[in-house]
Amino acid sequence: MRYLYLDTTSNYLYTGVVEENKLLCEYKEKFDHDLSTMALQTIINMLESNNLKPTDIDKILLVNGPGSFTGCRIGVTIAKVFAWTLNKPISLISSLEAMALTDDEYDYHVPVLDARRDYVFGGIYDKENNSIMKDQHVKRFVLETAISNMSDNYIFITNDSLELNGKVKAYDPDILKIVLKYKDRENVNPHSIDANYLKLTEAEENLNDKKC
Amino acid sequence: MMKDIYILGIESSCDETSCSIVKNGCEEIATVISSQIDIHKNFGGVVPEIASRQHVKNITMVIEDCLQQANMKIEDVDAIAVTYGPGLIGSLLIGLEAAKTLAYIYNKPLIPVHHIAGHIYANNLVKKMEFPLLALVVSGGHTELVYMKEDLSFEILGGTLDDAVGECYDKVARVVGIPYPGGPSIDKLAAIGKKSYKLPLPLDDNSYNFSFSGLKSAVINLAHNEEQRGNELNKEDLAASFQNVVVEIIGKKVEKAMEEKGIKYFVTAGGVAANKRLRERLSNICEEKNIDYCFPAIRYCTDNAAMIAAAGYYYFLKNRTSGFIINAKSSEVLK
Numbered sequence: 001m002r003y004l005y006l007d008t009t010s011n012y013l014y015t016g017v018v019e020e021n022k023l024l025c026e027y028k029e030k031f032d033h034d035l036s037t038m039a040l041q042t043i044i045n046m047l048e049s050n051n052l053k054p055t056d057i058d059k060i061l062l063v064n065g066p067g068s069f070t071g072c073r074i075g076v077t078i079a080k081v082f083a084w085t086l087n088k089p090i091s092l093i094s095s096l097e098a099m100a101l102t103d104d105e106y107d108y109h110v111p112v113l114d115a116r117r118d119y120v121f122g123g124i125y126d127k128e129n130n131s132i133m134k135d136q137h138v139k140r141f142v143l144e145t146a147i148s149n150m151s152d153n154y155i156f157i158t159n160d161s162l163e164l165n166g167k168v169k170a171y172d173p174d175i176l177k178i179v180l181k182y183k184d185r186e187n188v189n190p191h192s193i194d195a196n197y198l199k200l201t202e203a204e205e206n207l208n209d210k211k212c
Numbered sequence: 001m002m003k004d005i006y007i008l009g010i011e012s013s014c015d016e017t018s019c020s021i022v023k024n025g026c027e028e029i030a031t032v033i034s035s036q037i038d039i040h041k042n043f044g045g046v047v048p049e050i051a052s053r054q055h056v057k058n059i060t061m062v063i064e065d066c067l068q069q070a071n072m073k074i075e076d077v078d079a080i081a082v083t084y085g086p087g088l089i090g091s092l093l094i095g096l097e098a099a100k101t102l103a104y105i106y107n108k109p110l111i112p113v114h115h116i117a118g119h120i121y122a123n124n125l126v127k128k129m130e131f132p133l134l135a136l137v138v139s140g141g142h143t144e145l146v147y148m149k150e151d152l153s154f155e156i157l158g159g160t161l162d163d164a165v166g167e168c169y170d171k172v173a174r175v176v177g178i179p180y181p182g183g184p185s186i187d188k189l190a191a192i193g194k195k196s197y198k199l200p201l202p203l204d205d206n207s208y209n210f211s212f213s214g215l216k217s218a219v220i221n222l223a224h225n226e227e228q229r230g231n232e233l234n235k236e237d238l239a240a241s242f243q244n245v246v247v248e249i250i251g252k253k254v255e256k257a258m259e260e261k262g263i264k265y266f267v268t269a270g271g272v273a274a275n276k277r278l279r280e281r282l283s284n285i286c287e288e289k290n291i292d293y294c295f296p297a298i299r300y301c302t303d304n305a306a307m308i309a310a311a312g313y314y315y316f317l318k319n320r321t322s323g324f325i326i327n328a329k330s331s332e333v334l335k
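Sequence order for the protein chains is A and B. Per my numbering, residue 1 is the first one in the first sequence, and the count goes up by one each step. Per my numbering, residue 1 is the first one in the second sequence, and the count goes up by one each step.
Treat the hints with caution; some may be incorrect.
Non-contacting residues of chain A with respect to chain B, defined by C-beta distances greater than 12 Å in every case (computed) [claimed, not checked]: (1) N11; (2) Y12; (3) K28; (4) N51; (5) D118; (6) N129; (7) V142; (8) S151; (9) D152; (10) V168.
With beta-carbon atoms standing in for the labels, derived distance ranges [claimed, not checked]: (11) A:C212 to B:K127: 48 to 58 Å; (12) B:V126 to A:H191: 31 to 41 Å; (13) A:K210 to B:D38: 15 to 25 Å; (14) A:L207 to B:K318: 39 to 49 Å; (15) B:L317 to A:D174: 46 to 56 Å; (16) A:N153 to B:D76: 25 to 35 Å; (17) A:E163 to B:K318: 49 to 59 Å; (18) A:L207 to B:Q68: 28 to 38 Å; (19) B:N107 to A:N153: 48 to 58 Å; (20) B:Q69 to A:N187: 26 to 36 Å; (21) B:I192 to A:K134: 53 to 63 Å; (22) B:D38 to A:D174: 37 to 47 Å; (23) B:D76 to A:H191: 19 to 29 Å.
By construction, these hints were calculated from the structure, which means they are not laboratory data. Just so we're clear, the structure is a prediction, and the values are computed from it rather than from any experiment. Even glycine gets a Cβ: it sits at the ideal position worked out from N, Cα and C.
Chain A on its own, in the form it takes in the complex (with noise of 0.2 Å):
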């Protein structure tokens, strides 16, 4: 079995290919403006450049969010389409459990990504990637309140630059070891996948706020 790990989620595009329990090609790159210009053609490079056709994929592994809106459609339209035309399995992925794999050291794992004006995507994990805390949109202080009543042992994961209360790690996808954790999870059908927002649009909150 060979598996396509796609991530569009923040401002970098991490994908790569697993082949069985190894790692045939990885791409990690940040891109400041042009993801959605550069993810698909940065994908065709990397498959290319490994003799990989499309039809050579058997499964996909989609990080669909939480993350950048925008960052989280371009992953979703690619992985869907593929998916969809090709019939290939896919599973989805939250950003934020990818993320909470990175460290093996803590008993405690927080991925968090940056919501501007004070508010974060968080979670919290264990050990053995098992969510805690449910990933959510959040106030910083109430996820970073929430850790420190739990424990002492925890690390915050994350790529941004955020003022964090406790010690952080950066985030850099073992893409090999999220796949190899997750390559069995359920498959979903691809046209029912959709970006995993965590967060209504401010259209829609200050439609729910005026029904109040």
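Dock chain B against chain A, hints included.
Below, chain B alone, put in the same frame as chain A:
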């Protein structure tokens, strides 16, 4: 005999996700449009982030439905055409990314199509355009007069300096209490009203440009004054008065362009091309001047992928294809 060319078109520039297959630039094989209008109605207009979210949900289902209706596979088409701009950036990106991915997987040429070129080429789905022609583009985002001496040659003679005409229709509709999108309702109200309110003829000058913000303000002020005087606003009459002024100024500039550019053919394009009163006026002008003309079918006036596939055919013939490093453009001049 030339081989038939099938183009698969994708359009997602605003609030409609659409896919279509068109043969030889003029024969629609199948078109699917998933409209979000009912969702955006709740917000009084299109919310860009909501539009993008809906496109992601819909995109593969819309393409699959289109292929099923056409009884075709992607392998059967010759190229994939897609709107790359102008439009809402988040919305454009979904169609563009889907088109790129399909073009890569099936090794098909990728054809980025300008949205307004698409609207103009919707006329080719009715009958083949003849050149040189004058195109009037009237929609919620555009008001332009375009001269074409041949296929894909676009010379913009003039455009709106502020609001697009369709935008002005929607705002006037809101003033008289009609929910979004109000443009089509104004057309219906105007048909039963009288031109009893006096409104200024906007930018009645020697240029090919338009300006509708003054007219919009005049309608708002009029409604406000009537309310202050305790007079009930006659919605039908206001609609008729407003529409009369709009049609009058558009007609004037179209006539001027026809006379000065010496055209053989006239087309309209865009959502406001569905307006009955405007169609009447423009067809009268063409008949008086003995100029052949065409209006797109009503279903091709609003955003759809058939027009993108129709235009895409001519891009394909001219080999105007693209690699995969192409970005969506929210504002892009027709060229």
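Hint check:
no. : hint                         : in the structure
1   : N11                          : holds (15 Å)
2   : Y12                          : holds (17 Å)
3   : K28                          : holds (19 Å)
4   : N51                          : holds (16 Å)
5   : D118                         : holds (20 Å)
6   : N129                         : holds (27 Å)
7   : V142                         : holds (24 Å)
8   : S151                         : holds (36 Å)
9   : D152                         : holds (40 Å)
10  : V168                         : holds (30 Å)
11  : A:C212 to B:K127: 48 to 58 Å : holds (55 Å)
12  : B:V126 to A:H191: 31 to 41 Å : holds (33 Å)
13  : A:K210 to B:D38: 15 to 25 Å  : holds (19 Å)
14  : A:L207 to B:K318: 39 to 49 Å : holds (46 Å)
15  : B:L317 to A:D174: 46 to 56 Å : holds (49 Å)
16  : A:N153 to B:D76: 25 to 35 Å  : violated (59 Å)
17  : A:E163 to B:K318: 49 to 59 Å : holds (55 Å)
18  : A:L207 to B:Q68: 28 to 38 Å  : holds (35 Å)
19  : B:N107 to A:N153: 48 to 58 Å : holds (53 Å)
20  : B:Q69 to A:N187: 26 to 36 Å  : holds (27 Å)
21  : B:I192 to A:K134: 53 to 63 Å : holds (57 Å)
22  : B:D38 to A:D174: 37 to 47 Å  : holds (45 Å)
23  : B:D76 to A:H191: 19 to 29 Å  : holds (21 Å)
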